[in-house]
Amino acid sequence: MSGFFFSNPAGLWALLGLPAILAIHMLQQKSRQHVISTLFLLEAASRVSEAGRKIDRVRQSLPMWLQLLAVLCLAWVLADPRWLRQGSVQQVIVVMDSTASMGAFREDAIAGLQNYAGRLSRTAHRTEWLVAESDRSLPSLYQGDDTAEMLDAVRQDWKPLSAAMDPVPVFRGLGGAADAVRIFVTDHGMVVPDGVRVLSAGAPEANVGIAGMNVSEDSYEATVVNFSTEPARRQWWVETGEGRSQPQELTLGPQQMKTVTGAFQGDAMTLVIEGDALNVDDRATFVRPLPRPLHLAMLADREFLNPLAATLENVVDQPADGVATLLVATVDGMAQFEGSGIFFRSEPDSGEAANVLAQIVAADHALMRDLNWSGLMVRRLSAESAQPPENAQVLLWAGQQPLAWMEESGAVKKLVLDFDPQRSNAPAQPAFALLLHRFAEIVRAGGSAMVRWNFEPRESLGLSARDAAVSVTLSNADGVLQEVPGHQAPLLRAPREPGFFEVTGDGVMLISGAVHFADAREMDLQNAGELDELAGLDSQLMDAQSERDGYAVLWLFAAGGMMAGAWWASRERRVA
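First residue of the sequence shown? That's 688 in our numbering, and the numbers climb one at a time after it.
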């Protein structure tokens, strides 16, 4: 890359003076014929005449050369030549909008970035690029000083599929030098931090998309929305492993919403509507839901347990291995059972009313999150109250007395209630029912039977730690997406890209799932628009990173001297 450039290229228009001067010197007056008696006067005579002008060859002379040099000096000064400072470094931070609506303008956005990347790379001897996405959960796209490699990384790895999000935290997290150039590539103008320039490649587009799915064991229901001010007509069909159904026509008015329904065919299906500018919402993949089975064994007959058994999904009477997934019993039988369970105290009815032991305090635990226990009233505990082991996690306190805790040993989890729910108002508390449900679902997630379920992009898969599994693998049709040790299984999330996927643990199927995109905010392209805040930025940066010609004043004096010399030489010639 050359370090020389003209800050004001328009000044080179002054070079048009060169052909103008040459043309003037080529214009000669047409000569007249005169009859004379002697020839000695011809040497002093000039070839001039008052009869007209004609184009002749250029007759070199000192005034002509002085005039040409003067024009060159003037053009040089007006163009404002500059040289980049040796060792100058410019940092450019680019955040690519990861939201799904960018899928409709992806190619235009890349073209716009490529256009300015070439210019910005010439603003210093070295340009450092840091390119990231507005989705903070994704890794950086590129970090380095090769502009071509940066653009290739964006083309290959930038897949805008995320839900709507704020880019401000991303810029704050990236940091960078104080004078770094910060650019946000998006499809519409939006509020960004000070110092961030927006490059938007969007334009209002009509779009029809699948905005929501409701799937049951026997049927599906999809909501299709026309995000446009004009009527729309689309065909839709269903694809399964056995083929494709006959297309059906769907007519939607401006901003209208309609529902399409159908019966399940097999265990996995794809609903497709005719494509348009945005593709991510034109296909919805889904599977027939099948929760992981839960064998609930109740060894205690209590009324408060009936709602729990009635509302849990996919509860089986007899597990395949003959072992209960979740046992519900009193604490007296806890030592006799090695699996997961819910255990509570059972006290005889003394006829006394329940009273508050002390202030009820909930621990900071996922099971207790957002649960309100302020109305809980339990009978005062007897002297034989159980004490949690050292490795237990206390969930609920009554003053200094542990009231509920969870014991965990590998895949075995036990929820212990050190009070008798039947002798309290706990069954009437929503927090109590939610606690039991949450615990039952945690135990269910730790089971080994396969689950078939539908997820949104990046939704938690709800897996429990699997110490028995050496590795847990998330994969789709493109191959393995992620592989983690068994104890890190809770960290796994559904893929970003819609489609079918599987989760296996040491080769055993754990989840057969599907991801579909349904963020209506990203489907509406009516607010998309073009915005370019980078115009002239390269000139500003080059001016800041460069040095001017220190002899500009001398060139001006030289041009003036040459013009004066040309005038003097012409005058002397006329006098002679």
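Derived from the structure by calculation, the hints contain no laboratory data.
This structure is a prediction, so every number in the text was calculated from the model and none was measured.
For every residue, glycine included, the Cβ atom is placed at its ideal position computed from N, Cα and C.
Errors might be hidden in some of the hints.
What the hints assert, rightly or not - Pairwise CB distance ranges (calculated):
1. ASP866 with ALA710: 47 to 53 Å
2. ASP866 with ASN901: 48 to 54 Å
3. VAL1195 with GLY930: 51 to 57 Å
4. LEU1121 with PRO1075: 54 to 60 Å
5. GLY805 with ALA710: 37 to 43 Å
6. ALA964 with ASP1236: 47 to 53 Å
Violations among the numbered hints, reported as their numbers in ascending order = Those not satisfied are hints 3 and 4.
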